[in-house]
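All chains should be built: construct the whole structure from the sequences, respecting the hints.
Protein chains: 2
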Amino acid sequence: MTFELNRRSFSLAGLAAALGLATPVSAAEDPLPSWNDGPAKRALQAFVRRVTTQGPDFVAPAERIATFDNDGTLWAEMPVYFEVLFAVDRGRELAAKDPALAAREPFKSLVEKGAAGLAGLTQAQVVELVAVTHSGMTTEQFQQIARAWFATARHPTTKRLYTQMVYQPQLELLAWLRREGFKTFIVSGGGVDFMRAFAEPVYGVPPEQVIGSSVETRWEMREGVPVLVKLPKVSSVDDKDGKPINIDLQIGRRPILAFGNSDGDLEMLQWTQAGPGARLMLLVHHDDAVREWAYDRDSKIGRLDKAWDAAVKNGWTVVSMRREWKQIFPPE
Amino acid sequence: MTFELNRRSFSLAGLAAALGLATPVSAAEDPLPSWNDGPAKRALQAFVRRVTTQGPDFVAPAERIATFDNDGTLWAEMPVYFEVLFAVDRGRELAAKDPALAAREPFKSLVEKGAAGLAGLTQAQVVELVAVTHSGMTTEQFQQIARAWFATARHPTTKRLYTQMVYQPQLELLAWLRREGFKTFIVSGGGVDFMRAFAEPVYGVPPEQVIGSSVETRWEMREGVPVLVKLPKVSSVDDKDGKPINIDLQIGRRPILAFGNSDGDLEMLQWTQAGPGARLMLLVHHDDAVREWAYDRDSKIGRLDKAWDAAVKNGWTVVSMRREWKQIFPPE
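Protein chains in written order, with my numbering: chain H, 268 to 599; chain R, 268 to 599.
In case anyone wonders, no lab produced these hints; they're calculated from the structure.
Ideal Cβ placement from N, Cα and C applies to all residues, glycine included.
Any given hint could turn out to be false.
Residues of chain H clear of chain R, computed beta-carbon distances all greater than 12 Å [what the hints assert, rightly or not]: (1) E296; (2) D297; (3) P300; (4) G322; (5) P366; (6) A367; (7) D563; (8) V579; (9) T584.
Computed beta-carbon distance windows for the label pairs [unchecked claim]: (10) H:P499 x R:S587: 37 to 47 Å; (11) R:Q392 x H:S502: 27 to 37 Å; (12) R:K567 x H:P499: 34 to 44 Å; (13) H:S502 x R:A415: 30 to 40 Å; (14) R:P323 x H:Q321: 41 to 51 Å; (15) H:V579 x R:V492: 12 to 22 Å; (16) H:Q321 x R:Q408: 27 to 37 Å; (17) H:K573 x R:R564: 53 to 63 Å; (18) H:G542 x R:A383: 36 to 46 Å; (19) R:D576 x H:M404: 23 to 33 Å.
See below:
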């Protein structure tokens, strides 16, 4: 049972605690029920206790910044980044209305073969596909397009909605960190507008705490009403060193906890580690071929190679999906 | 008396309210004591009541975004933007250690005449001064430099610390909006790193809610420790249409309240107005030559010309400093 007080709820247990009353903590209150009682869960519990308890490692709530990569860290990324699958569907929609577009690559392959057509495209053609499908509309129109896709599109093999391809253990971790006074941010190579179309309802992360890759926008007056038009020109690639650069620009404070899964997260984890005081760096290891996918060093996307070596060297926490996660996806 | 609960304090009155107990509201609890009981204060009170009360104009707390310009809106901007005065002091420090720098403009004039030397510089020379004094160091070194300046530098005419050149009525407004569930952002043409050096202790606005102009940074490993180096290349000018563009990029949600003071804020106010539901757009009018400065249409900085006309046409709230503010600056 919760009361709504000044825009956030607090539990009866919290109220009792504030009034100095003892409250029993039962096993049912485990904030991470989908995490096995293994080294990763224990590292998280020990870290949160250290930084939230008065003592040498205490961190003021305002400085409890936690940053999470998205693809492969908060949701799956196989067989290909979901945003590329969105671009395929959107590209086919555009081609259906424009024969000239349908007749040329990269659209021709997608019209003929669907997502399977991606295999025959060059890297430059995929980039063009993403650019064309992510520009030419206002920022608000893009939100509507992305939300409509999330409401109906389904993953090619699991047939789940993409918003159900998120990791249940991470949903629990995000919610628990926020209850412990952390501010949770997404810092991902994905498009910022694409992620904002679902981050708040699914992850509980509001748009102002989503950092991602972006395109330039142009201010325009349309019949007296201002709009921002998305242009086919990348303004920021939020990957590798782009992550600490954007963290510094948009957060202005160094994270004390960072969670990634690939070499694209290496610099974010190094940046997090280099600050003073208690720090926790984590990497998801995709080693569960039965319940999810298994890949790391030789993967074309989500490659975990240099970041793995850094984890071993620096004692970062590698989270084996197979061993540490009781459940991967939320119940449908 | 307050309890500390889960990183935020709440009053006995708030607790009583949560438990359904009646609490008397006395005149002493006026959240805006430095505002006269005039049209601006009444507009603010009516707006906050509308959006926080269940009804047709209710706005969910997560969507209560308020954006404030800084120069001329939250603190003074005369005789020149304070960040330029910081650049003058910093430029003289650099010149004192480097005779080659001291011998050439724009440094030569500043070494000889101090801030008075600004008058003889071209616009391009002032831009160079700002670029040189805001780059070449790591982001953390810049924070230290700026904080040291704020700790000792004083305004040329009032002799106050710059952190005491903030407007007391605005400090009250920021704090009150936050108590009413708003998230308060600064969106200003000032340098983001410069503003972050004082925004949290002075305004209660954390670094991640400060948006400003910025330079590019470069990721670099120095003896195994990563740093971000500020480069003399502007990446974003957070002024005019740059304001809604950065609001969209970094907040991803349209403000429902925006407060500016000059033509540089016009697009931010237009963007705020163009959303659905209840909206409040405000402009500070610097019309108090006795307690502050008086300027508007013909001013070289802080010019209030096109935005004034838009305010008249659209019914935005113009806040006369002379008539609406009981007190301008906080007690020393």
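Here is how each hint holds up against the structure:
The non-interface label for E296 of chain H is consistent with chain R: the shortest C-beta to C-beta separation is roughly 15 Å, beyond 12 Å. Interface exclusion of D297 of chain H from chain R stands, the closest Cβ pair being 19 Å apart, more than 12 Å. Residue placement check: P300 of chain H keeps its beta carbon more than 12 Å from all beta carbons of chain R (closest about 21 Å). The beta carbon of G322 of chain H is kept farther than 12 Å from every beta carbon of chain R, the shortest such distance being approximately 16 Å.
Listed as outside the interface, P366 of chain H is consistent with that label: its C-beta sits roughly 33 Å from the nearest C-beta of chain R, beyond the 12 Å cut-off. Interface exclusion of A367 of chain H from chain R stands, the closest Cβ pair being 31 Å apart, more than 12 Å. Chain R leaves D563 of chain H outside its interface by the beta-carbon criterion, the shortest separation being 24 Å against a cut-off of 12 Å. Listed as outside the interface, V579 of chain H is consistent with that label: its C-beta sits roughly 16 Å from the nearest C-beta of chain R, beyond the 12 Å cut-off.
For T584 of chain H, the shortest C-beta to C-beta distance to chain R comes to about 20 Å, beyond the 12 Å cut-off, and the non-interface label holds. The beta-carbon spacing between P499 of chain H and S587 of chain R, approximately 46 Å, falls within the hinted interval of 37 to 47 Å. Between Q392 of chain R and S502 of chain H the beta carbon distance is about 29 Å. The supplied range of 27 to 37 Å therefore holds. Between K567 of chain R and P499 of chain H the Cβ separation comes to about 38 Å, which falls inside the hinted range of 34 to 44 Å.
In this structure, S502 of chain H and A415 of chain R meet the distance hint of 30 to 40 Å, their C-beta atoms being roughly 33 Å apart. The hinted window of 41 to 51 Å between P323 of chain R and Q321 of chain H holds, with their beta carbons roughly 46 Å apart. For the pair V579 of chain H and V492 of chain R, the supplied restraint of 12 to 22 Å holds, since their beta-carbon distance comes to about 19 Å. For the pair Q321 of chain H and Q408 of chain R, the beta carbons lie near 31 Å from each other, so the given range of 27 to 37 Å is met.
Restraint check, K573 of chain H to R564 of chain R: a C-beta distance of roughly 58 Å satisfies the suggested window 53 to 63 Å. Restraint check, G542 of chain H to A383 of chain R: a C-beta distance of roughly 42 Å satisfies the suggested window 36 to 46 Å. Between D576 of chain R and M404 of chain H the beta carbons are some 31 Å apart, a value that agrees with the proposed interval 23 to 33 Å.
Hint compliance for this structure: no hint is broken.
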